[in-house]
Amino acid sequence: MDDDRVFKALADPTRRHLLDRLFERDGRTLTELESELEMTRFGVMKHLRVLEDAGLVVARRQGREKLHFLNAVPIRLIHDRWIDKYTEHRVAALADLKNELEETA
Amino acid sequence: MTTMTAQTTQVYQVFIKATPEAIWDAITKPEFTQKYFYGTRVSVSADRYAALGGDGGEVVRGDVLEHDPPRRLVHGWRAMYDPEMAAEGPSRVAWEIEPQEGGYSLLTVVHDQLETSPKTAASVNGVGWMMVLSGLKTLLETGEPLVA
Chain A
1 MDDDRVFKAL ADPTRRHLLD RLFERDGRTL TELESELEMT RFGVMKHLRV LEDAGLVVAR
61 RQGREKLHFL NAVPIRLIHD RWIDKYTEHR VAALADLKNE LEETA
Chain U
1 MTTMTAQTTQ VYQVFIKATP EAIWDAITKP EFTQKYFYGT RVSVSADRYA ALGGDGGEVV
61 RGDVLEHDPP RRLVHGWRAM YDPEMAAEGP SRVAWEIEPQ EGGYSLLTVV HDQLETSPKT
121 AASVNGVGWM MVLSGLKTLL ETGEPLVA
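Quick note, the sequences are listed as chains A and U, same order.
The letter at position 74 of the first sequence is residue 74 when you use this note's numbering, and the numbering goes up by one with no holes.
The letter at position 60 of the second sequence is residue 60 when you use this note's numbering, and the numbering goes up by one with no holes.
Certain hints may be false.
Cut-off 30 angstroms, straight-line C-alpha distance, at most; resulting in silico cross-link-like pairs (DSBU-like, lysine-lysine) [claimed, not checked]:
1) U/Lys119 x U/Lys35
2) A/Lys98 x A/Lys46
3) A/Lys66 x A/Lys85
4) U/Lys119 x A/Lys66
5) A/Lys46 x A/Lys85
6) A/Lys98 x A/Lys8
7) A/Lys85 x U/Lys17
8) U/Lys29 x U/Lys119
9) U/Lys17 x A/Lys46
10) A/Lys85 x A/Lys98
11) U/Lys29 x A/Lys66
12) U/Lys17 x U/Lys35
13) U/Lys29 x U/Lys17
14) U/Lys17 x A/Lys8
15) A/Lys85 x U/Lys35
Simulated restraints, written as ranges between beta carbons of each label pair [claimed, not checked]:
16) U/Glu58 x A/Arg25: 29 to 35 angstroms
17) U/Glu58 x A/Thr14: 43 to 49 angstroms
18) U/Gly143 x A/Gly43: 41 to 47 angstroms
19) U/Tyr104 x A/Ala59: 18 to 24 angstroms
20) A/Arg61 x U/Gly89: 22 to 28 angstroms
21) A/Glu32 x U/Tyr81: 17 to 23 angstroms
22) U/His67 x A/Met45: 35 to 41 angstroms
23) A/Phe7 x U/Tyr104: 46 to 52 angstroms
24) U/Gly89 x A/Arg25: 17 to 23 angstroms
25) A/Phe23 x U/Tyr81: 22 to 28 angstroms
26) A/Asp3 x U/Gly53: 47 to 53 angstroms
27) U/Leu65 x A/Asp96: 49 to 55 angstroms
28) U/Arg48 x A/Lys85: 39 to 45 angstroms
29) U/Ala46 x A/Asp96: 51 to 57 angstroms
To be clear, the hints were calculated from the coordinates, so they are not data collected in a lab.
The beta-carbon is built from N, C-alpha and C at its ideal position, and this holds for glycine as well.
Between the sequences and the hints, there should be enough to build the whole structure, so can you do that?
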C-alpha cells in the first residue's frame, strides 16, 4: 500500500545517503547521522521523517536514546513486486531466443 | 562494494493486511510456518520456541521469554542448523504486532543480543529475515506461499 511513499523517499540523494550510512552501521542517533552530513539538524530530521513514513527507517527508544534502524523490507517488497517480474521476463525471453537460434542453426 | 559487519540489533518491519490474531497464528503454528519460514515447522508453547526442519531435525530453539497473544512474543534464538552457530551464545527475537487502520497490522521483528553470536547475526541479517517477512505477508494476503 505504501509503494508510492517508498519510491518518493528513495527519489532523493540525501535520503539514499542516509540509508547507506545506516546500512553500514545500524541503530544510530540523530546526532551521529547529522555529524556525517553537511546539513542542519532540522534538515536531517525532515529527511528521516520521510524515510520513517515510508517504513524505510524505524526509530526505537533504547534507554535515553532514540536510535534509527534501517528497515529494508519495503525495498524487498518492491523488488519482489517490480524487479523480479521484469527481470524474469527478460531472462525467459533470452532463453527463448537462445532455443530458437539453436534450433534453426 | 561496501563491507558490512552484521548488526547486533536488527529491526524489520512490515504492514500486513491481516488481523493480529491471524499473524499470531501464522508465526506460532507449524502448518503456517512451513509455508514461508524456510520450510520449518515452528511450535510455540508458553515456555519454549522450536523450529524443526523437514527431516525433523532441530533448526532453531529458544526459551519463550514473553508470551502475550496476539500482541507480543519474545524468545531466545539459538541456530541449530550449523554447528558453529549452535556453539555461539543465544540471541533474542521479539515479534510485536500492532493493529492499524484499514484492516492492517504492523509487524515488527527485533533480533537483538547478537553480540556473542556473530555468525548467526550474519546468517539472519538482511535477506534472511526479509524473505521470512515477505513470505509471511504474501501468505496472509494471498493465501499462497511466496515461492511455489
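Right, here's what the structure says about each hint:
The straight-line distance between the Cα atoms of lysine 119 of chain U and lysine 35 of chain U is roughly 25 angstroms, inside the 30 angstroms bound, and the hint therefore holds. For the hint pairing lysine 98 of chain A with lysine 46 of chain A, the CA-to-CA distance comes to about 50 angstroms; that exceeds 30 angstroms, so the pair is violated. Using a Cα cut-off of 30 angstroms, the hinted pair lysine 66 of chain A and lysine 85 of chain A is violated, with the two alpha carbons roughly 38 angstroms apart. Proximity of lysine 119 of chain U to lysine 66 of chain A is assessed by CA-CA distance (about 27 angstroms); at most 30 angstroms being required, the pair is judged to hold.
Only pairs whose Cα atoms come within 30 angstroms are accepted, and lysine 46 of chain A paired with lysine 85 of chain A is rejected, the gap being roughly 33 angstroms. This hinted pair does not check out: lysine 98 of chain A and lysine 8 of chain A have alpha carbons roughly 38 angstroms apart, beyond 30 angstroms. A threshold of 30 angstroms between alpha carbons decides the hint, and for lysine 85 of chain A with lysine 17 of chain U the separation of about 22 angstroms falls inside it, so the pair holds. The suggested pairing of lysine 29 of chain U with lysine 119 of chain U holds, with an alpha-carbon distance near 27 angstroms, which does not exceed 30 angstroms.
Between lysine 17 of chain U and lysine 46 of chain A, the direct Cα distance comes to roughly 28 angstroms. Compliance with the 30 angstroms bound is thereby established for this hinted pair. Distance restraint check for lysine 85 of chain A and lysine 98 of chain A: the Cα-Cα separation of roughly 20 angstroms lies within the 30 angstroms cut-off, and the hinted pair is therefore satisfied. Straight-line distance between C-alpha atoms of lysine 29 of chain U and lysine 66 of chain A comes to about 34 angstroms, which puts the hinted pair past the 30 angstroms bound. Only pairs whose Cα atoms come within 30 angstroms are accepted, and lysine 17 of chain U paired with lysine 35 of chain U is accepted, the gap being roughly 18 angstroms.
For the suggested pair lysine 29 of chain U and lysine 17 of chain U, the alpha carbons sit about 19 angstroms apart, so the restraint of at most 30 angstroms is met. Between the alpha carbons of lysine 17 of chain U and lysine 8 of chain A the distance comes to roughly 22 angstroms, so the proposed pair stays at or under 30 angstroms and holds. A hinted pair counts as satisfied when its Cα atoms are at most 30 angstroms apart, and lysine 85 of chain A with lysine 35 of chain U qualifies at roughly 21 angstroms. Roughly 33 angstroms separates the CB atoms of glutamate 58 of chain U and arginine 25 of chain A, a value that falls within the hinted 29 to 35 angstroms.
With their beta carbons about 46 angstroms apart, glutamate 58 of chain U and threonine 14 of chain A fall inside the hinted range of 43 to 49 angstroms. The supplied range of 41 to 47 angstroms is met by glycine 143 of chain U and glycine 43 of chain A, whose beta-carbon atoms lie about 44 angstroms from each other. The hinted range of 18 to 24 angstroms is satisfied by tyrosine 104 of chain U and alanine 59 of chain A, whose Cβ atoms lie roughly 20 angstroms apart. At about 25 angstroms, the CB distance of arginine 61 of chain A to glycine 89 of chain U agrees with the hint of 22 to 28 angstroms.
Between glutamate 32 of chain A and tyrosine 81 of chain U the beta carbons are some 35 angstroms apart, a value that contradicts the proposed interval 17 to 23 angstroms. The hint said 35 to 41 angstroms for the Cβ distance between histidine 67 of chain U and methionine 45 of chain A, and at roughly 37 angstroms that hint holds. Taken as a hint, the range 46 to 52 angstroms is violated for the pair phenylalanine 7 of chain A and tyrosine 104 of chain U, whose Cβ atoms sit roughly 19 angstroms apart. The hint said 17 to 23 angstroms for the Cβ distance between glycine 89 of chain U and arginine 25 of chain A, and at roughly 22 angstroms that hint holds.
Restraint check, phenylalanine 23 of chain A to tyrosine 81 of chain U: a C-beta distance of roughly 26 angstroms satisfies the suggested window 22 to 28 angstroms. Our hint of 47 to 53 angstroms for aspartate 3 of chain A and glycine 53 of chain U is violated, since their Cβ atoms are close to 35 angstroms apart. Under the hint 49 to 55 angstroms, the C-beta atoms of leucine 65 of chain U and aspartate 96 of chain A, about 53 angstroms apart, fit the expected range. Taking the beta carbon of each, arginine 48 of chain U and lysine 85 of chain A are about 40 angstroms apart, inside 39 to 45 angstroms as hinted.
Hint check: alanine 46 of chain U to aspartate 96 of chain A, Cβ distance near 55 angstroms, so the stated range 51 to 57 angstroms holds.
Going through the hint list in order, the structure does not satisfy hints 2, 3, 5, 6, 11, 21, 23 and 26.
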